[in-house]
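Which chain is which? The protein sequence lines are A and B, in order. Oh and the first sequence: position 228 is 244 in our numbering, straight run, nothing missing. Oh and the second sequence: position 390 is 406 in our numbering, straight run, nothing missing.
Among the clues, some could well be false.
[What the hints assert, rightly or not] Chain B is faced by these chain A residues, among others (derived, beta-carbon under 10 angstroms):
hint, residue
1, Gln29
2, Arg36
3, Tyr52
4, Glu63
5, Pro151
6, Glu152
7, Leu319
8, Phe320
9, Gly321
10, Ala376
11, Gly383
12, Leu384
Please keep in mind that the hints were generated in silico from the structure rather than gathered at the bench. All residues carry an ideal CB built from backbone N, CA and C; glycine is no exception.
There are 2 protein chains.
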Amino acid sequence: MTLSRKPLKGMRQLYPGERRVEDYIVSGLTRAGRAYGFEEYEGPVLEPLELFLAKSGSELAREQSYNFTDKGGRELILRPELTPSLARMIAAGGELIYPVRWMSVPLCFRYERPQRGRVREFLQFNLDILGAPSPEAELEVILVLNRLMRGFGAVPGQFEIRYSSRKLASAVLARCGLKAESLEAAFAVIDKRDKLPSEKWESWVREIVGDSAYSEAVIRFSRCRSLDAPWLVQLMAGDESLEELREFSRMLDTAGVEAAVFDPGVVRGLDYYTGIVFEVMDTGSENRRALCGGGRYDDLVGLFGGRGVSGVGFGLGILTLKLFLETYDLLPAILSNAPPVELFIAALSQEQRAFVLNLAEKLRNDGLSVETGLGGKNLRSQFTLADKRCIEFIAVVGPREIEEGRVNLKRSGREDLQVQMVDLAEAVRAE
Amino acid sequence: MTLSRKPLKGMRQLYPGERRVEDYIVSGLTRAGRAYGFEEYEGPVLEPLELFLAKSGSELAREQSYNFTDKGGRELILRPELTPSLARMIAAGGELIYPVRWMSVPLCFRYERPQRGRVREFLQFNLDILGAPSPEAELEVILVLNRLMRGFGAVPGQFEIRYSSRKLASAVLARCGLKAESLEAAFAVIDKRDKLPSEKWESWVREIVGDSAYSEAVIRFSRCRSLDAPWLVQLMAGDESLEELREFSRMLDTAGVEAAVFDPGVVRGLDYYTGIVFEVMDTGSENRRALCGGGRYDDLVGLFGGRGVSGVGFGLGILTLKLFLETYDLLPAILSNAPPVELFIAALSQEQRAFVLNLAEKLRNDGLSVETGLGGKNLRSQFTLADKRCIEFIAVVGPREIEEGRVNLKRSGREDLQVQMVDLAEAVRAE
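So that you can see chain A by itself, here it is in the shape it has in the complex (with noise of 0.2 angstroms):
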């Protein structure tokens, strides 16, 4: 029988090269979290079932996840998201010092057909503060988001950092005379106002929320762009949830987050959000999905047992990420074909390999990465070697290099060096 040479569909395979890719965006990922005290945590990959059904609902838990009985007969599932997980050791993590900085970068799986930017399989990254009620949370968490995004190179224009607030959007509906029971449906509409053509929504917009001055007032706040807006602050005269994201959206104004923008639209699907909720989205045309969400959740912990912990946290993913950082060329091109080594050392002959072998380990000892040509290949296929891997220096040891303790350093595109052995590691570190 002939295995296929395929991994499953939209499981995370990666080469050398992609993996370099993935790693240079993950490590900025979690540098940018460092810069504030973000510490890393892990939660298990498996699960059990009623933690997520639970947590995330019924349908994300049952439907579009992979879960299965174990031999054992536990209901167990691989884990869709994390949150759930970070809430039960929110709830048992007895010591911990508030506010807590935590982040991870989960490997999480679900079951949906792949598509692109859509796999069953995939690298995320999570990031919250939790014990910390007041605005300057959300503040923090965005300027993580704004600097790690600055520190991929994007610029505003590539991307904006949208927010809004569940509680506003609430009062206003409310104001407008929406029923309580009509608010999820409300936000549902709203959070499909760019996924169609602007009339069409519109129609949507009548049709579901029905009596024709309440869908006009959702279309009218869907579309409003600015805190300011004189129908706006008139009619949320004397309620506290307007003047609470104004306050804050002079706050992300003084920390200069340029990206910033107010946009209602943004509602996020995940029932858990009661306060500040916000995006990072591509602005152009060819990634439509937002890379990241987030926002403010309350009582964490309850379904613990736990006292209500309030936070503030986003997901962001890695592919996402990666399609943004391809569509903008933000991703370097060393990365793809970068040299596994500094150093090839080849040897004239087999009687110079135990002293190759020898001068390696004494240059690893000082740091350097050094590659050796193994197992008898004559000079002419090292040096062929060497240069497929791209590897910019090349000593070679013969006799008299042995006798003289020094060697002839070949540096790709510029003329070859005479050095000192013992001098070997600083004149490669130097160049």
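The hints should help you fit chain B onto chain A, whose structure is shown.
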């Protein structure tokens, strides 16, 4: 309903302090690999069951693993090891430059009863050289092992790198008269040499191997610790396998791998090993399991219809290594309680918050990690927080500091320092 506050037994859940320990270990491993030009790759966690039935054997794949049928009717497995996926990637990877030096840190799953050093969801370190038939490949892989152990501060005497050769063992036992069909059974009892009391093991050998001449040969070979033993040299006269291993032994000596010792008790369970095999053993009494096992295998990609690719590699359990490092007190104490940032900036009152936020952003732009107190806490509670987090430096910003452009830098255990704000990053870094 109140949900459990514990993850499933044997799953990998790490709070930041535990995560830092794991990260320290993983970084040490990959750093050792990078010194030799090993590049990281990734395979899927979720794989077709048939891949493991073919490569790892039915018991591991069916009984000791998590496997299930997905919604699309596919028989899946949570990988118990990485090698079958590696084999597929090599078979499919058209443009690979040989010798391929690859490493990975896969998350693997086994359905086994959790106990000390054995869990159900675990990280492993895998490192392989492919397409290099020379024993210099085995040497290089053992040099990596030696470097990573020494890099953690382990010294010979705490660990041994035990090696043998399945080729030699087969030849010895054949010359002793053991029939080919009894070889696997003999290997299985040799493998158990250190797991039973000496006499018990001997009587077990006699029972399994049968004929007393054969069983004495198995016992004698299993206990032999020198490749120069006269009886061995005499027995194997004219056979190349002893000379090959003696040559390999000399290479290890020349390279100065003090921890390496010949030990015919090393067999390694996996069927695919065909030549030199090795393992890293804790020589103390607390941890009796091998930290690592590896060897030479041939025909890695045959099942995928490819040409034979010979390889040598090993797998190392991160948790077993962690237990080893704990036993010999080789984990830096700072890991479990490291401060998340270099500097805490406290605002005298809420009026300085905007200034503090912007100062912190500037310092982060300079590469410093900085925490600020969120949400209008008073000075004392900001100090308490910085203290709990073990942050070494605190800068306090009030109206006078803003006016004068300098701050009082508090340093734990030493006197305060007056520093110009523009020099703050440098001052913290200089300490």
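Hint check:
For Gln29(A), the interface hint holds, the least distance from its beta-carbon to any beta-carbon of chain B being 5 angstroms, beneath 10 angstroms. With 10 angstroms as the threshold, the beta carbon of Arg36(A) comes within range of chain B, its nearest partner Cβ sitting at about 8 angstroms, so the hint holds. About 7 angstroms separates the beta-carbon of Tyr52(A) from the nearest beta-carbon of chain B, less than 10 angstroms, and the hint is met. Taking 10 angstroms as the C-beta contact cut-off toward chain B, the hint placing Glu63(A) at the interface holds, the least distance being around 7 angstroms.
Residue-level restraint check for Pro151(A) holds (minimum Cβ-Cβ distance to chain B is 8 angstroms; threshold 10 angstroms). Look at Glu152(A): its Cβ gets to within about 4 angstroms of chain B, closer than 10 angstroms, so that hint holds up. Hint on Leu319(A) holds. Least Cβ distance to chain B is approximately 5 angstroms, under the 10 angstroms limit. The beta carbon of Phe320(A) comes within 5 angstroms of a beta carbon in chain B, closer than 10 angstroms, and the hint placing it at the interface holds.
Hint status for Gly321(A): holds, given a least beta-carbon distance of 4 angstroms to chain B, under 10 angstroms. Hint status for Ala376(A): holds, given a least beta-carbon distance of 8 angstroms to chain B, under 10 angstroms. Because the closest C-beta pair between Gly383(A) and chain B is about 8 angstroms apart, less than 10 angstroms, the hint holds. At its closest, the beta carbon of Leu384(A) sits 8 angstroms from a beta carbon of chain B; the interface hint therefore holds under the 10 angstroms criterion.
Going through the hint list in order, the structure satisfies each hint without exception.
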